[in-house]
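Student: Residue numbers 2 to 134, in our numbering, belong to the letters of the sequence shown in order.
Since the hints were derived computationally from the structure, they do not count as laboratory data. Hints may contain errors.
Stated by the list, open to error - Have a look at the derived ranges for each label pair, beta carbon to beta carbon:
#	residue 1	residue 2	range
1	H56	R19	40 to 48 Å
2	R125	W98	35 to 43 Å
3	A70	V97	26 to 34 Å
All figures in this text were calculated on a predicted structure; none of them were measured in a lab. We put the beta carbon where it would ideally sit given N, CA and C, even for glycine.
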Amino acid sequence: MPERTPTSEEPTPRRPRRETVTRASALRAGGLPARRFPGHPPARSEISEQTTLGHTYVRSLMRSQLRAALTALGALALFVGPLPLLLALPAPEAVVWIALGVGVYPVIWAVAHWYVRRAERNERDFTRLVEGR
2 MPERTPTSEE
12 PTPRRPRRET
22 VTRASALRAG
32 GLPARRFPGH
42 PPARSEISEQ
52 TTLGHTYVRS
62 LMRSQLRAAL
72 TALGALALFV
82 GPLPLLLALP
92 APEAVVWIAL
102 GVGVYPVIWA
112 VAHWYVRRAE
122 RNERDFTRLV
132 EGR
């Protein structure tokens with residue numbers, strides 16, 4: 002049987018439009034039920050598999066903890082560092098004990114309190130990032 006060629010009056014057959022079906026498009030269309038995949042969140046798996054991204058996450062935590070420690074050290078050096086100069090001045094013994102007891106310990110306590118709160122906040126933020134909350 003000879004092949005037929007379309008004449009100018011007959012329309013050429015159109016190819017059907019191609020459509021790519023993905024899980025996201027099927028979910029939008031209501032074709033697939035939404036479900037959560039079991040397993041670890043991506044950040045946790047990146048860290049446990051020791052990938053470059055996981056290494057970056059851990060380095061970020063270490064940098065933030067180091068920054069907090071250096072800030073606390075700088076504050077102590079600023080407030081407690083000049084203390085030997087103050088104690089070198091001729092003063093009665095009671096002034097020395099007042100400077101040490103009233104002046105130094107509250108400063109050390111305040112800096113330590115700030116550092117612990119900052120370190121816990123850094124760890125809490127990191128945990129939120131890793132667990133995907």
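Student: Against this structure, judge whether each hint is valid.
Tutor: Status of each hint after checking the structure:
no.: 1; hint: H56 x R19: 40 to 48 Å; in the structure: holds, 42 Å
no.: 2; hint: R125 x W98: 35 to 43 Å; in the structure: holds, 40 Å
no.: 3; hint: A70 x V97: 26 to 34 Å; in the structure: holds, 30 Å
The structure shown violates none of the earlier numbered hints.
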